[in-house]
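**Student:** Sequence order for the protein chains is A and B.
Quick note: to get my numbering, add 46 to the position in the first sequence (first position is 1).
Quick note: to get my numbering, add 1 to the position in the second sequence (first position is 1).
It should be emphasised that the hints constitute simulated quantities derived from the structure, not laboratory data.
Treat the hints with caution; some may be incorrect.
Straight-line C-alpha distance at most 27 Å; calculated BS3-like pairs for lysine-lysine [unchecked claim]:
id, chain 1, residue 1, chain 2, residue 2
1, B, Lys140, B, Lys118
2, A, Lys208, B, Lys45
3, A, Lys209, A, Lys98
4, B, Lys116, B, Lys194
5, A, Lys135, B, Lys45
6, B, Lys116, A, Lys209
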Amino acid sequence: MNNLGAKTRQRLLSAMALVGFFLLWEIGCLVSGVSDLILPRPSQVAVVLWQKMPLLWPHAVQTLSTTLAGFSLGVMIGIVIGVTIGSSKTAYDVAYPLLVGFSSIPKVAVVPIFVVWFGAGTVPAVLTSMVISIFPVVVNVATGLATTEPELEDVLKVLGAKKRDILWNVSLPRALPYLFASLKIAITLAFVGTVLSETVAANKGIGNVMMIASGNFDVPLVFAGLVILAVMGVMLYAVSSFIESRMTGWAQRGNEVVMA
Amino acid sequence: MYGGNTLALDQTSMRIAQGDFVSLVGPSGCGKSTILKLVAGLLKPSSGAVLVGQREVGSPGSRASDTTGSGAGRDPLRVGLAFQNPTMLPWLTIRENVMIPLKIVEPFRRDYARKKKGEFADRAEALLAQVGLKGFGDKRPWQLSGGMLQRASLCRALVHEPQLLLLDEPFGALDQFTREELWAIMQELWIAKRPTVLLVTHDLRESAYLANRICVMSARPGRILEDRVVPFERPRTLEMSYSPEFATLVQKLRMRIAHARTPEEIQP
Chain A
47 MNNLGAKTRQ RLLSAMALVG FFLLWEIGCL VSGVSDLILP RPSQVAVVLW
97 QKMPLLWPHA VQTLSTTLAG FSLGVMIGIV IGVTIGSSKT AYDVAYPLLV
147 GFSSIPKVAV VPIFVVWFGA GTVPAVLTSM VISIFPVVVN VATGLATTEP
197 ELEDVLKVLG AKKRDILWNV SLPRALPYLF ASLKIAITLA FVGTVLSETV
247 AANKGIGNVM MIASGNFDVP LVFAGLVILA VMGVMLYAVS SFIESRMTGW
297 AQRGNEVVMA
Chain B
2 MYGGNTLALD QTSMRIAQGD FVSLVGPSGC GKSTILKLVA GLLKPSSGAV
52 LVGQREVGSP GSRASDTTGS GAGRDPLRVG LAFQNPTMLP WLTIRENVMI
102 PLKIVEPFRR DYARKKKGEF ADRAEALLAQ VGLKGFGDKR PWQLSGGMLQ
152 RASLCRALVH EPQLLLLDEP FGALDQFTRE ELWAIMQELW IAKRPTVLLV
202 THDLRESAYL ANRICVMSAR PGRILEDRVV PFERPRTLEM SYSPEFATLV
252 QKLRMRIAHA RTPEEIQP
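Using the sequences and the hints, build the whole thing.
**Tutor:** Rendered as structure tokens:
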């Protein structure tokens, strides 16, 4: 009962912090009299958001679907690469420098290349968010596989299990918490990728709307775009987080597992 | 640990008859566990060979899960192994952990999808009940104590009715009461199913209680110094393990091991 009370209190405090943040922003703008061309008040942003919703909605859907497409592709490719290099020491050593180099490239720099290859629009946005979400998944899955305790594998090895059996029954379940940790990172990064590409070369999407709005000095609309991105990002994070707690409940009790 | 150039075993040769219960004792680091790992196929010998059921360990078809085994007349032996640590997979329930061998080893493997909810689950439950874990099948490993996990680990080693059972100090990390209780259970299971057992331990009472034959090993590089038959009749009881004959046997073994250590450690 006490525990529940602590949890509600924590939620209440988070909500208060959120409301307090916007309140402080509103009051700060009013007191300092800063122009809404520089920093619009939250109430102005809310009004714009409400009025322009019919206009913004298709763009939000575009950005969301682009992000999800890129994210799903990135995760699938990331899992395949991660499993490949995680289950073989040689592959790990060979491929790792390549991956690090690949991931060090600023993703803004690849957008123009994708545009040259596929033309402006949805395809480069999907590809950018895909490219950006691959790396965390690869690293985490590979680490999860590579750090599997040999004793756990021995359990199956003495039974004469094939490599594939060990992968399915020990290594992959063992790597699952690592995968989900990376999904939470990848989903937020995927948004970055999409918006990045949309601002550079697209005629749809929230990134594109914000680009045009800032060109017209419609700063409240730019902020409305930011709010939409934040809300979508939080929602997808929450979804990954929920799936994670459902799938890998055993790993949340890490300490006790070691104790036993 | 066993890599590099350390010679773990030297000129070791032993034979175990089918259905026998052999215990391997010796000072720590003498290569007892190495022998077990060689038999289990977890290590490859740098020279020499290990034969289990007339097949060389590690060769194709030497394990019951190999369906492609070149038919040499006999079916390959089913092997069960219990480690010193329970090594339960934390994402599975206790029952699912016990059922792992049924998922891997033929002939159970081909029926696994069909029987995992019925016959195989019942078989796991029956074994768990036998070691005193009735009703714990749905628990997760972290919800059980070390002793309970070790019992479950024994069940996992036995569930596929192995013809060869390898025990690597499975009772080593337990308190004395739990350990002695598990000795009795182990003996019961052995009398009922008669698998061939190779038990590695450094508990002399344990090996005298459980084994038909005790092999004493020397310090590194390990060699077998003595091969002794345990004469006590079965089923052995806890009272017997406090009898004078029993104490004499344990003492003799103890002295043999003390002797085995001298050249290396107590030289002037």
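**Student:** Each hint: holds or not?
**Tutor:** Hint check results:
{"no.": "1", "hint": "B:Lys140 - B:Lys118", "in the structure": "holds, 16 Å"}
{"no.": "2", "hint": "A:Lys208 - B:Lys45", "in the structure": "holds, 17 Å"}
{"no.": "3", "hint": "A:Lys209 - A:Lys98", "in the structure": "violated, 57 Å"}
{"no.": "4", "hint": "B:Lys116 - B:Lys194", "in the structure": "holds, 22 Å"}
{"no.": "5", "hint": "A:Lys135 - B:Lys45", "in the structure": "holds, 19 Å"}
{"no.": "6", "hint": "B:Lys116 - A:Lys209", "in the structure": "holds, 24 Å"}
Comparing the model with each earlier hint shows a violation of hint 3 alone; every other hint is respected.
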